[in-house]
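Chemist: Read off the chains here:
There are 4 protein chains.
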Amino acid sequence: MTSNNTFGRLFQLTTYGESHGPGIGGVVDGCPAGVTLTESVIQAELDQRKPSANEASTPRAETDRVQIQSGVFEEQTTGAPIGFSIPNQDSRPQDYSELKKSYRPGHADYTYAAKYGLRDHRGGGRSSARETACRVAGGAVAKQFLAEKEISAVAYTRKLGGIEAEVISPDRAAELPYFAPDPSVVQLWEKKLSATRKAGDSLGGIVEIQVRGVPAGLGEPVFDKLDARLSQALMSVGAVKGVEVGAGFEAAELTGSRNNDPILKKGFSQNNAGGVLGGISSGQTVVLRAAVKPIPSINKPQRTVNNRGQEVTLQVEGRHDVSAIPRIVPVLKAMTLLTLADMWLLHQSRA
Amino acid sequence: MTSNNTFGRLFQLTTYGESHGPGIGGVVDGCPAGVTLTESVIQAELDQRKPSANEASTPRAETDRVQIQSGVFEEQTTGAPIGFSIPNQDSRPQDYSELKKSYRPGHADYTYAAKYGLRDHRGGGRSSARETACRVAGGAVAKQFLAEKEISAVAYTRKLGGIEAEVISPDRAAELPYFAPDPSVVQLWEKKLSATRKAGDSLGGIVEIQVRGVPAGLGEPVFDKLDARLSQALMSVGAVKGVEVGAGFEAAELTGSRNNDPILKKGFSQNNAGGVLGGISSGQTVVLRAAVKPIPSINKPQRTVNNRGQEVTLQVEGRHDVSAIPRIVPVLKAMTLLTLADMWLLHQSRA
Amino acid sequence: MTSNNTFGRLFQLTTYGESHGPGIGGVVDGCPAGVTLTESVIQAELDQRKPSANEASTPRAETDRVQIQSGVFEEQTTGAPIGFSIPNQDSRPQDYSELKKSYRPGHADYTYAAKYGLRDHRGGGRSSARETACRVAGGAVAKQFLAEKEISAVAYTRKLGGIEAEVISPDRAAELPYFAPDPSVVQLWEKKLSATRKAGDSLGGIVEIQVRGVPAGLGEPVFDKLDARLSQALMSVGAVKGVEVGAGFEAAELTGSRNNDPILKKGFSQNNAGGVLGGISSGQTVVLRAAVKPIPSINKPQRTVNNRGQEVTLQVEGRHDVSAIPRIVPVLKAMTLLTLADMWLLHQSRA
Amino acid sequence: MTSNNTFGRLFQLTTYGESHGPGIGGVVDGCPAGVTLTESVIQAELDQRKPSANEASTPRAETDRVQIQSGVFEEQTTGAPIGFSIPNQDSRPQDYSELKKSYRPGHADYTYAAKYGLRDHRGGGRSSARETACRVAGGAVAKQFLAEKEISAVAYTRKLGGIEAEVISPDRAAELPYFAPDPSVVQLWEKKLSATRKAGDSLGGIVEIQVRGVPAGLGEPVFDKLDARLSQALMSVGAVKGVEVGAGFEAAELTGSRNNDPILKKGFSQNNAGGVLGGISSGQTVVLRAAVKPIPSINKPQRTVNNRGQEVTLQVEGRHDVSAIPRIVPVLKAMTLLTLADMWLLHQSRA
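In order, the protein sequence lines correspond to chains A, B, C and D.
Quick note: the first sequence uses the numbering used here, first residue 301, plus one each step.
Quick note: the second sequence uses the numbering used here, first residue 301, plus one each step.
Quick note: the third sequence uses the numbering used here, first residue 301, plus one each step.
Quick note: the fourth sequence uses the numbering used here, first residue 301, plus one each step.
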């Protein structure tokens, strides 16, 4: 089940924390006993999310250090809940005084105020992308669990600022800037990002995820379909505005004879289904794509209203990331892994 | 929470039933007391899903009649669970003997067998689209509940077989063939469907849904975002392979300055967000699109395997629908309404 | 999870239905595929709940006939939800006109009116014990599932109207009147019931349940303890006012040295724990007791108020059961079995 | 829903942490925005649980200090999850080497080993009563929320070592040793505890809880009855072996005419129901009792087996508490408050 700040029914991640406050963290509940886990394993995933010196992100002295609080004994999970915490550093609430009053377009400022009546305006509060660090930490636990089942995921940038990459070497994407699945696209993206940064604007793109080793049978028919759960998982990440599986929106244009994946003795001969049939994994690679909107914080004047309903022109100061990509890539991978771990346990419960 | 055959956390629909068996039905649990409800209100929604005499569907003597079993007293909901049942008619299990052995490409036959070990092969069993009638019945209850809050939805076909419709009169779509939002597109679609039918093939398309009257504040941040929950809702319908909100995949191509919706005193000046910011409704119309794949049952020989792993050529006999559209349209609307009703109760619980 | 009309997290029972209306029924969701199931298996359990010709119950022409609607194919569960329905017979709403206005003491009339604003007063509506028939039907499915794991339960009356029975032959209790675990107590109970009936009054008692064959390891520590879940299960049955496990309230009087169950090579040497340690089954027989209050419907004038807040004297007419025992016994057994089935799946999910 | 380490459906507490490790903590999710909350408010409840210099507990240098990590801004809840942490102090894993091998009778050592295959033996690991500190912290948030609805609870010791207290001044119990509801019983209990301590043994007792100000209408009929949920809540606390509501087990001995609470214009004239009718609060005080078993750790030789299945005699060294009372009293109060807060939100969601 999904319950606001808890994700999953059996393999569950609960998170807490705002961008400004003592710290963020969470609890992974339901991970079976006996899975190898250390702080450095989680840290390695978190490091993939940190802002690096490229054209998309802003170099900051942000060094998230995760601490495991419980649930691990002699480098193995015990079956008890795995509490983890990541202290906030370098939080300067005074920087955000202007945002206390005005609602940034494209952000959750306005809707949080409408929902809760009051609002922690410091750096976006709970709606800050900082929250996603806990997803990555939780995803690292799922990754360890799934590795024992020989299930693994790769995630990479398929499109950035309208420039599409070919999928040449997806397994090496994590080593290249922007999680590029093709070394030759990096320079094109860099140019685009650089120009956009200079224009004070921002870019979106498309992230693709492949999950390999998923056995046939995962996913519950009807409401808990594997692809339905994955859609929620990806769409729950702030900047995502669309999700597709396999041929996705392209499938809407095909005829049945073209779209159907023939089944041969050695397996399916193509993968328009994206590894999911009737909501259940077919044994093929699960293929997902998420559309990422451009970051709403830009260095251009924008029309908005303040908390007294007056129209104002807002110019967000400071240096901002130009794109949620690449930092969002490990977050989407984490959500995919958390979903798979949950669906694995669900399936096993009745196996 | 979503739990296999139960949808929703507070406004919950549980369904049961296969295409061949005594009947299908379900339970709507959590609908507040005092909502006006009759069998004819549910029946009217069900009738929108029935196969009509057009080029997309096959005329059948299928006349689903819903019976309310409980939870309604003197035409008002009592707060008790609303049980409903729809007897199966005209079920002829003998027609499906060939499918007992072979797995139809693009169907769930193969994955059900892999998951459960055994399989009710009659007409697809639980994986049959027949299951969606119960979603429409449940959606009718949600519709009644939301009507009291002045929330309503319209759904229409945006694209069929690659031919896009303009959105001229979405409110009249339910009266036109194929839920067309523009009368002038009907003939084009008919031609395409007719040609495809003759070719023994099938078509997909795109369905769009608008929800109006949603107040700002619905949706729970983080994992239970309004758009995340809606994505799961739509993707849980069999033929759907992609979901997008507002500008959706298009947003991935825009710059932030173009994508951000400026906020004016009188409201937002555009709606790329699709009515959702940070996972919370903004007060704008919620706009969703679902990509529907072509129906996998076609009148062409297809390569597949049987349950002994041997390669066979399968030719599915009989007359089949050419497209899941238009019958899927009321189903997607129902899932949207069920999600909104659930999010409404969730929001109210802490208001 | 438990959610109003749904019980269980993985092995789930959802029920609907009032005492007067077309029918009652439910859905068992999450039962693994391949479990042997027929209508007659469920019917046999339902028959244990029907009013028989004894001093406790009122002979009525109530013959609940269950119909399986889905989820079973060739006498085996398929993994799909098992819908079942039990038509209501002999419902005469006109008999209840007086109860429309007055709130019966000890019943839920007053609290339902307070909660929902409106109320289906016919025979208690949803608060009628009729609802428990669906629990018994669901429990029958759980029984079949657990039988494959060699887990079984017996339930019997431990005390009735203050007269305690010895536990001589618990396995034969279902064959004796009042589910007596000792043939010699039957006559004493009959006398007591007969006298109480003549006095127009009612009686309560204590039901004991033993679950055998439970392997060590079922139950989730902390909030989902096996005994915590069982407590909720039993207390959710209308007339139950207390629940205890193993030595129960008696344990509060013992010293630790007396209460602790020593562990020998061949197992525990006593069972004060009732088969549960730290919320997890120990491999011993699980022993539970539920305190059942006397039936509130009596043939004596009672002081109460009507729906306009006026004090009235209410004399409930007609013949009433003298005790919820024995009809409650199969209900409590069913709730125990449903809980065990759920905990079994939960445990297996992470095994 | 209850999900292992998460309690509640809408007002949810998730906890983590073992007796030996960096720390324990949790997340309160679903508390509405605008509730006054500070660390000192939570600390005050935690202080009620700390071992004090009396005959029941062992004075230790345990000073739990709670830190709020998130969800509170300017001393008000924001609607975001409230993360809190309590660092472990004074954890000396080396003290527990003997327990690594032998299973303490009456403890969860044996069942944890059976369930998880491996076990964090240090101080009982997750099964340690240390876990309950997080329940008290969560209960403090519920207390603040309910205070705004004018709902409050008192908890006190009703019986200790077989000696029953009269309920003279329940509201002052928190100020007296052992949460005594009658000053005159303190000395009797002290004597009993002292003698038991000298004998190297331990004692159990009964805790009673009253919840006042509960409006009529809380609780969901059928499986989610208010008393069913409260039973699970109390029974989920380690040492509890029985739970009763209102007259409880006593009700099983009464006739209906005696047990039914007459309803007068000014309210009910007695409270055998314990404030709950048909699973819904009636507006009366909710009255609960929990049977607490004697602490299993005693200073006497006990027969048990080790992890190789060999019989051994175990003598647990060190000074132990003589009774879980009084430290368990604030824990049971916290679980009651958490349940009420959850049921309040559930009710409000459909109001």
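Worth double-checking, as some hints may not be accurate.
All copies of an identical chain are treated as equivalent in the list; a pair is satisfied when it fits inside any one copy or across any two copies.
With a straight-line cut-off of 30 Å between C-alpha atoms, the simulated DSSO-like cross-links for lysine-lysine are [to be verified]: (1) Lys565 x Lys350; (2) Lys566 x Lys400; (3) Lys449 x Lys498; (4) Lys565 x Lys401.
It should be emphasised that the hints constitute simulated quantities derived from the structure, not laboratory data.
Chemist: Now tell me if each hint is right for this structure.
Modeler: Each hint tested on the structure:
no.	hint	in the structure
1	Lys565 x Lys350	neither (45 Å within a copy, 38 Å between copies)
2	Lys566 x Lys400	between (60 Å within a copy, 21 Å between copies)
3	Lys449 x Lys498	neither (46 Å within a copy, 47 Å between copies)
4	Lys565 x Lys401	between (64 Å within a copy, 15 Å between copies)
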